[in-house]
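Given chain B, put chain P in place with the hints provided.
As they're listed, the protein sequences go chains B and P.
Under the numbering used here, think of the first position of the first sequence as 1, with each following residue one higher.
Under the numbering used here, think of the first position of the second sequence as 1001, with each following residue one higher.
The hints are simulated quantities; they were obtained by calculation from the structure and are not laboratory data.
Glycine included, C-beta positions come from ideal geometry on N, C-alpha and C.
Incorrect hints may have been included.
Stated by the list, open to error - Now the in silico label distances, taken between C-beta atoms and shown as ranges: (1) P/His1105 - B/Ser430: 24 to 32 Å; (2) P/Ala1009 - B/Pro515: 30 to 38 Å; (3) P/Ala1009 - B/Ala88: 41 to 49 Å; (4) B/Phe95 - P/Arg1058: 53 to 61 Å; (5) B/Ala287 - P/Val1011: 48 to 56 Å.
Claimed, not checked - Calculated Cβ distances over 10 Å to all of chain B for the following chain P residues: (6) Leu1023; (7) Pro1028; (8) Ala1030; (9) Pro1032; (10) Ala1033; (11) Phe1037; (12) Ala1060; (13) Asp1066; (14) Pro1068; (15) Val1082; (16) Gly1083; (17) Pro1084; (18) Gly1086; (19) Thr1088; (20) Ser1091; (21) Glu1093.
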Amino acid sequence: MPRWSRRAAAAPAAVLLWSAAVLAGAPPALAHGFGQRYDLPVPLWLYLYGAAGAVLLSFVVFGLFVGGREEGHGYPRLNLLRFGPFRATLASRAFVCGLRVFSAALFGLVILAGLFGNQTPALNLAPTMVWVIWWVGFSLFVALVGNLWALANPLKVVFEWADALARRLGVEEGLEGDAPYPASWGVWPALALFFAFAWVELVLPGSATPRNVAFLVLMYSSVTWAGMSLFGKEAWLRNGESFSVFFGVLARFAPTEVRVAGGKAREGCRARGPEVGDHVDCYGCFARASPGERELNLRPPVVGLLRPGAIPAGGLAFVLFMLASVTFDGLLATPSWVGAMFFLQSMTGSFGMPGTPFYGTLGLVIVPLLFFGLYAGFAGLCRAMGGGAGFRRLAGAFAYSLVPIALAYQAAHYCTLLITEGQNLYALASDPFGWGWDLLGTGGYEVNLNVVGAALVWYSQVALIVAGHVVAVYLAHAVALREAPSPKLALRGQLPMVALMVLYTVTSLWILSQPVVE
Amino acid sequence: MVARISVLALVPVLVMGGLFLLLRPDPPDAAPAERSFDIEIGEGGMRPDEVSVREGDRVAMGVGSDRPFELHLHGYDLEREVGPGGTTGISFEADLTGRFPMEDHETKRELGVLVVEPR
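Chain B extracted, bound-state conformation:
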């Protein structure tokens, strides 16, 4: 490791300690009026209807594809950069630079607003921007459009600027570290940080207080910058930056991909594994390729989830934790969960009242473990019935096929929040600090809760969940065909996975049919 990068890693560490110290001393604040959900539970009949539909349509998907053969790993691609107007906009320096400057500026504004602005969550840009626009809205954008995070990640942009500045100031080796990243670590650091993030989101009281949001962003950024200055930017983005890993999984659903002409990895690409098919969505290779070789392809949606590829150490656990935490988010606010926690409290004595961090933490550990256990059991059954690939390989391949169910649930769960709380952005654009400014003349805007009626919300939620389920069953079928020795065994081998999917889908529907208690 160069001498400088060790010193460079010390600066983020100092920011981290300072933020942690301030956060620990901050009084807990109530997130009043922020993120509050007034959704009516889906009525019982509609819940049953959705569940019946999921089961029925699973059989239809079977029927449609029975006897099908594996179609290879190819799929149609359309390189958008072949067309002048797209090349002139998407691939232009002005567009890319503009996006990066915008992203970094927004990042800075969120931190400043959080630190120095009005501390009422709804009146400050930071909580709305982080929890509603970015966490909910941007996630859906990545899944439905493409991985904009890989391009606009402000942590990466700021690090690159700092690196360039250091070089100009005479630090020859820059800020990027070159310590070899231990392969056995895989994406475990990203999973550990993602767990911490989920804990902050779902358990930590006061996570919507602007100052806390700013400090948490600073803490996460310093960990990221420290990682980059130890192991190098790309190694950390691929293994330790949880949102790059998270959005990378979601982007597999999206109808766009990046690829280097020919579909081959560049010389020296460390993300290259024993892949079958093309080397796509490798941002390191894409960045190093000459402009003429870069492709931004349209592809059929969802096919990215079928891409076999090498799954790094911890990759399966990361995907399963994503799936479980999405469900836990909803489960936490159901009367049954609250009831179970009251029961637990009466059995065990004093761990504080339900709703205190102890019970949330317990749930965030137990629910994913339960999910891991269930998944391992069903994947084992798939292998027992279908044979073929080894357990690890099979478990890894099927895990991605569950992503559409989680995504559909996430969208159904948060659609009303995005529509109502998202409106806050309109007023906040004029007054990011909550100081009563009116820069754009929109400062006085008040949220309209009556945009979509409850009946429309119910029908969309159930339709989304059932559609996500159908896509998942189709993916499981395609995975089984690929992994099993014969189509006949493939048909048998996917049955347990489809049963697990029905269970997962019905759980999602059930949560939506429960009143929200918070």
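Quick look at chain P alone, frame taken from chain B:
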């Protein structure tokens, strides 16, 4: 092949459509009505702890409490002082569907909910 696919596509459409019509409850034909509720707030919270109406109803609540505080109805964003010795009237038109907590504005303690079902 085409025949099989069209049958397989048609059957679920028919079954799902039929199931939808079968399961869906009849829409209530009652016109929006005046609904009044007597609510008592004490140590254990609000009684009744859930007030349920339909969209468009005209709601009138008479709220009594054993201690003085400011009651906040979310969503409709109504705030009223309630307290012992008399009831406080809260009336509004239920034009917003949803499940809205009613809470003590000071302590943020949730006392009960107003449920407005779509018509």
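Hints, one by one, checked against the model:
no.: 1; hint: P/His1105 - B/Ser430: 24 to 32 Å; result: holds (27 Å)
no.: 2; hint: P/Ala1009 - B/Pro515: 30 to 38 Å; result: holds (37 Å)
no.: 3; hint: P/Ala1009 - B/Ala88: 41 to 49 Å; result: holds (42 Å)
no.: 4; hint: B/Phe95 - P/Arg1058: 53 to 61 Å; result: holds (55 Å)
no.: 5; hint: B/Ala287 - P/Val1011: 48 to 56 Å; result: holds (50 Å)
no.: 6; hint: Leu1023; result: violated (5 Å)
no.: 7; hint: Pro1028; result: holds (13 Å)
no.: 8; hint: Ala1030; result: holds (17 Å)
no.: 9; hint: Pro1032; result: holds (15 Å)
no.: 10; hint: Ala1033; result: holds (19 Å)
no.: 11; hint: Phe1037; result: holds (19 Å)
no.: 12; hint: Ala1060; result: holds (21 Å)
no.: 13; hint: Asp1066; result: holds (23 Å)
no.: 14; hint: Pro1068; result: holds (21 Å)
no.: 15; hint: Val1082; result: holds (19 Å)
no.: 16; hint: Gly1083; result: holds (22 Å)
no.: 17; hint: Pro1084; result: holds (26 Å)
no.: 18; hint: Gly1086; result: holds (28 Å)
no.: 19; hint: Thr1088; result: holds (22 Å)
no.: 20; hint: Ser1091; result: holds (19 Å)
no.: 21; hint: Glu1093; result: holds (12 Å)
When the structure is compared with the earlier hints, a violation turns up for hint 6 alone.
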